[in-house]
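Peer 1: One-letter residues, chain by chain:
There are 2 protein chains.
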Amino acid sequence: MLDTIKALAKKTDSKILMVVLDGVGGLPLELGGDTELATAVTPNLDALAKNAQLGQVELVGAGITPGSGPGHLSLFGYDPLKFVVGRGALSAVGIGVKLGAGDVAVRGNFATLGAGRVVEDRRAGRPSDEKNAEIVGQLRAAIPEIGGVKVEIYTESEHRFVVVFRNPGAGLGANISDVDPQATGVQPLTAQAHDDASRQTADLVNTFVTRAEEALKDEPQVNGVLFRGYSDVPHFPSMDDIYGLKAACIASYPMYKGLASLVGMDVLDVEGHEDALDGKVAALQANWDKYDFFYFHVKKTDSTGEDGDFHEKVHKIEIFDALLPQLLALKPDVIAIVGDHSTPSKLASHSWHPVPLLIHSEYARKDVAARYTEEEAQKGTLGLRRGTDVMPLLMANALKLQKYGA
Amino acid sequence: MLDTIKALAKKTDSKILMVVLDGVGGLPLELGGDTELATAVTPNLDALAKNAQLGQVELVGAGITPGSGPGHLSLFGYDPLKFVVGRGALSAVGIGVKLGAGDVAVRGNFATLGAGRVVEDRRAGRPSDEKNAEIVGQLRAAIPEIGGVKVEIYTESEHRFVVVFRNPGAGLGANISDVDPQATGVQPLTAQAHDDASRQTADLVNTFVTRAEEALKDEPQVNGVLFRGYSDVPHFPSMDDIYGLKAACIASYPMYKGLASLVGMDVLDVEGHEDALDGKVAALQANWDKYDFFYFHVKKTDSTGEDGDFHEKVHKIEIFDALLPQLLALKPDVIAIVGDHSTPSKLASHSWHPVPLLIHSEYARKDVAARYTEEEAQKGTLGLRRGTDVMPLLMANALKLQKYGA
Numbered sequence: 001m002l003d004t005i006k007a008l009a010k011k012t013d014s015k016i017l018m019v020v021l022d023g024v025g026g027l028p029l030e031l032g033g034d035t036e037l038a039t040a041v042t043p044n045l046d047a048l049a050k051n052a053q054l055g056q057v058e059l060v061g062a063g064i065t066p067g068s069g070p071g072h073l074s075l076f077g078y079d080p081l082k083f084v085v086g087r088g089a090l091s092a093v094g095i096g097v098k099l100g101a102g103d104v105a106v107r108g109n110f111a112t113l114g115a116g117r118v119v120e121d122r123r124a125g126r127p128s129d130e131k132n133a134e135i136v137g138q139l140r141a142a143i144p145e146i147g148g149v150k151v152e153i154y155t156e157s158e159h160r161f162v163v164v165f166r167n168p169g170a171g172l173g174a175n176i177s178d179v180d181p182q183a184t185g186v187q188p189l190t191a192q193a194h195d196d197a198s199r200q201t202a203d204l205v206n207t208f209v210t211r212a213e214e215a216l217k218d219e220p221q222v223n224g225v226l227f228r229g230y231s232d233v234p235h236f237p238s239m240d241d242i243y244g245l246k247a248a249c250i251a252s253y254p255m256y257k258g259l260a261s262l263v264g265m266d267v268l269d270v271e272g273h274e275d276a277l278d279g280k281v282a283a284l285q286a287n288w289d290k291y292d293f294f295y296f297h298v299k300k301t302d303s304t305g306e307d308g309d310f311h312e313k314v315h316k317i318e319i320f321d322a323l324l325p326q327l328l329a330l331k332p333d334v335i336a337i338v339g340d341h342s343t344p345s346k347l348a349s350h351s352w353h354p355v356p357l358l359i360h361s362e363y364a365r366k367d368v369a370a371r372y373t374e375e376e377a378q379k380g381t382l383g384l385r386r387g388t389d390v391m392p393l394l395m396a397n398a399l400k401l402q403k404y405g406a
Numbered sequence: 001m002l003d004t005i006k007a008l009a010k011k012t013d014s015k016i017l018m019v020v021l022d023g024v025g026g027l028p029l030e031l032g033g034d035t036e037l038a039t040a041v042t043p044n045l046d047a048l049a050k051n052a053q054l055g056q057v058e059l060v061g062a063g064i065t066p067g068s069g070p071g072h073l074s075l076f077g078y079d080p081l082k083f084v085v086g087r088g089a090l091s092a093v094g095i096g097v098k099l100g101a102g103d104v105a106v107r108g109n110f111a112t113l114g115a116g117r118v119v120e121d122r123r124a125g126r127p128s129d130e131k132n133a134e135i136v137g138q139l140r141a142a143i144p145e146i147g148g149v150k151v152e153i154y155t156e157s158e159h160r161f162v163v164v165f166r167n168p169g170a171g172l173g174a175n176i177s178d179v180d181p182q183a184t185g186v187q188p189l190t191a192q193a194h195d196d197a198s199r200q201t202a203d204l205v206n207t208f209v210t211r212a213e214e215a216l217k218d219e220p221q222v223n224g225v226l227f228r229g230y231s232d233v234p235h236f237p238s239m240d241d242i243y244g245l246k247a248a249c250i251a252s253y254p255m256y257k258g259l260a261s262l263v264g265m266d267v268l269d270v271e272g273h274e275d276a277l278d279g280k281v282a283a284l285q286a287n288w289d290k291y292d293f294f295y296f297h298v299k300k301t302d303s304t305g306e307d308g309d310f311h312e313k314v315h316k317i318e319i320f321d322a323l324l325p326q327l328l329a330l331k332p333d334v335i336a337i338v339g340d341h342s343t344p345s346k347l348a349s350h351s352w353h354p355v356p357l358l359i360h361s362e363y364a365r366k367d368v369a370a371r372y373t374e375e376e377a378q379k380g381t382l383g384l385r386r387g388t389d390v391m392p393l394l395m396a397n398a399l400k401l402q403k404y405g406a
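Read top to bottom, the protein sequences are chains Y and U. The first sequence runs contiguously to residue 406 in full-length UniProt numbering. The second sequence runs contiguously to residue 406 in full-length UniProt numbering.
These are calculated hints, taken from the structure and not from any lab test. Hints are not guaranteed to be accurate.
With the C-beta cut set under 10 angstroms, the calculated list includes, among others, these residues of chain U facing chain Y [claimed, not checked]:
no.	residue
1	M1
2	K50
3	N206
4	A329
5	L330
6	H360
7	D367
8	G383
9	R385
10	L401
No more than 25 angstroms apart at the CA atoms, straight line, and that leaves these computed lysine to any residue pairs for SDA-like [to be verified]:
no.	chain 1	residue 1	chain 2	residue 2
11	U	K50	Y	G383
12	U	K82	Y	D79
13	U	K246	U	M1
14	U	K50	Y	G32
15	U	K15	Y	S349
16	U	K6	Y	A348
17	U	K403	Y	E156
18	U	K379	Y	D46
19	U	K6	Y	L347
20	Y	K346	U	K403
21	U	K15	Y	T210
22	U	K82	Y	R386
23	Y	K366	U	E376
24	U	K379	Y	L81
25	U	K403	Y	E30
26	Y	K366	U	Q378
27	U	K379	U	P43
28	U	K15	Y	R199
29	U	K11	Y	L384
30	U	K11	Y	L347
Derived coverage of chain Y by chain U (criterion: at least 3 residues anywhere in the stretch with Cβ under 8 angstroms from a Cβ of chain U; other residues may be distant) [unchecked claim]:
no.	stretch
31	57-64
32	372-378
C-beta atoms are modelled at their ideal positions from N, C-alpha and C, and glycine is treated no differently.
So that you can see chain Y by itself, here it is in the shape it has in the complex (with noise of 0.2 angstroms):
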């Protein structure tokens, strides 16, 4: 299918604005009752929804709970059972690391290694962040590169550190074998290459492994890594390739922005903390006459969900609500308004149920849904869908999409 959708994508001057409202969807506390979405009040929501077309997505199958990657991957376009991303690849991504291509991402555990270099701790007794990045600022110092390619360390999170590998000459292959021996007691293992292309990174992580535990040795916790998870970047096809678009990301999170560069998306800079709402705001308007799709990501509505708290998440909601207007008077000529998935504060936690979408542009037919909830989405034109199919949506509405054969 998306080769079908480049062969039609055409330039037009034409503007779409998706706004994902992260994990958006909801339950309500009790059967029966009102979701997070169908209580907030939402007078500008509302009133777009009107004329708007809504219906309902599922990011990646019936009853399939999507993680933030595979449904904004739906959200772009690719099937997220096809488009995998990588556990090394998504843990660079996720604090924010560009990956290109030949390029590994690993993801690493920092563990404490007694005589005889015998695991005694996979994960080195949990250190707090503030030393895990007091350990990768030794490591980058002790190992700046191997053998003429660039080794970057990033601290992850406790004991979680992501290292990646950039060979200026040749691609790397990551189909190696796993240095953490999943058990105590024993020694780490040996990286050994599955196919030939990966026998230089064998031989760069077996080198990092030795130097990282010299520069470690005094170390009395911290002093050993182990590896597992192993990835090469993920060849997507960029949203430009596909779809013609000049595509910008506005989001605040490390992860989101990974995403859409993964897809091909300018990150634009985004001032302020945490939501940063204004200045997302902001960037879009200071960048509006640069591209032709916008992505403008909300966090907070996903994060209330996940902490479990209803009335924060309607709350999020509200605050959104009151921010529309400013992006509608940009007259974006399509609008969608849609989730990555569901977060029901019922649920603390994502969930399957689907998402409600709008699409907002010139040419919808009536709708009786009235209201960007749940309950109204079920009800209208654009019926229960796959994520994937938001994208052809937008470009149609946007008259992006020449015709089919003749």
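With chain Y held as given, fit chain U onto it using these hints.
Peer 2: The following block gives chain U in isolation, referenced to the frame of chain Y:
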């Protein structure tokens, strides 16, 4: 998708009860009228529907009328276009014969042979089931085994019978040509193996034909056998493999027990005759603690539809409704009410119309659908779906699926 579900499935203490009202979907007798479900007085189903999620399912695809096999496989999560039960195996399963890996099941027709072994009647004058059983008894006595391979012979109905070859040493292939010439006035064909693994099976079949004709040589009409449709046993992953479910089947009729055993369910004993609803409830109660998934089959909703008896189908639905409180008293975490296909009395046969689906769990959004009927189900939050979506939805509602991706 099954691989994805399998990777995400986790074991929990929650219990799922799937009630299959066979052929429950119907049609109004006159356009614009009420269906059997809408006509039935169903206070218990109505009460359940009030706080449940409703939708419609197509078991195989748009416009496709499912047989019982594909309809049930779809409900169990097996795409019926990919998981095909061969005709021989389905016949064996349909009469309740358990098949194991390496067994071969063959469909046979009794025929009338004239002088020179020429086929005079490919159906042997359509003998009665009693005559069929008598002939089968003669053949069982005459051919208990061939060269160490166990031969089992079963009556199906009229001129139809089933042979199962079980080779205790090695598996048997089923890739051989027909004995049935599909014409009269010619001799039966000699079975030919199409691959090495099926050579022994071809010999078995040809020897069976010779010995059967010898055994039946004094029969005036039922004196020959024709074979068509050989199946080795479909290797379906079990529901335990895929979902991690300890699954039990509560059904009375052989076909449904056979289908359940193909997907690895334990088939529980049910006391009583025909549909034996009281026996089924007793079996459910007695085994409630031993399983985490129950398939509970109700047959008469289909039989009455097949009979074209609208009034009786309504009555059978009401009988199930009266029994429903005993099922709910067990407090399943998730209960689904669904059909394996529609059997409208108006058509007196299976039909392609979607069947209403009801899912009750603690994790439901408000649903305007107020009854378990075809018309109300159209308004439900679950939308119109494939049958293979049902199991992932039940697993999700039972909180038995982990998140996909991070």
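Peer 1: Do the numbers back the hint for L330(U), that is, is its least Cβ distance to chain Y under 10 angstroms?
Peer 2: violated (19 angstroms)
Peer 1: Let me know if the C-beta of A329(U) comes in closer than 10 angstroms to any C-beta of chain Y, holds or violated.
Peer 2: The hint is violated - A329(U) has no Cβ within 10 angstroms of chain Y, the shortest such distance being about 18 angstroms.
Peer 1: Taking only the CA atoms, is the gap from K82(U) to R386(Y) under or equal to 25 angstroms?
Peer 2: This hinted pair holds, its Cα atoms lying about 22 angstroms apart.
Peer 1: When the nearest CB of chain Y is found for M1(U), is that gap smaller than 10 angstroms?
Peer 2: This hint holds: M1(U) lies near chain Y, its Cβ roughly 6 angstroms from the closest one there, short of 10 angstroms.
Peer 1: Taking 8 angstroms as the Cβ threshold, is the statement that the stretch 372-378 of chain Y is covered by chain U upheld or broken by the three-residue rule?
Peer 2: holds (count 3)
Peer 1: Quick check on the hint: D367(U) CB to chain Y CB, less than 10 angstroms?
Peer 2: holds (8 angstroms)
Peer 1: With a cut-off of 25 angstroms on the C-alpha distance, tell me whether K379(U) and P43(U) pass.
Peer 2: Roughly 19 angstroms between the alpha carbons, so the hint for K379(U) and P43(U) holds.
Peer 1: Is K403(U) within 25 angstroms of E30(Y), Cα to Cα?
Peer 2: holds (24 angstroms)
Peer 1: For the hint on K50(U), does the least C-beta distance to chain Y fall short of 10 angstroms?
Peer 2: This hint holds: K50(U) lies near chain Y, its Cβ roughly 7 angstroms from the closest one there, short of 10 angstroms.
Peer 1: Assess, step by step, whether the Cα of K15(U) is no farther than 25 angstroms from the Cα of S349(Y), and give holds or violated.
Peer 2: Holds, because 21 angstroms separates the two Cα atoms, which is no more than 25 angstroms.
Peer 1: Next pair to validate is K50(U) with G383(Y); report whether the Cα-Cα distance is within 25 angstroms.
Peer 2: At roughly 22 angstroms apart (the allowed maximum being 25 angstroms), G383(Y) and K50(U) satisfy the hint.
Peer 1: Against the 25 angstroms threshold, does the CA-CA distance of K50(U) and G32(Y) hold or violate the hint?
Peer 2: holds (8 angstroms)
The structure fails to meet hints 3, 4, 5, 21, 24, 28, 29 from the earlier list, while all remaining hints are met.
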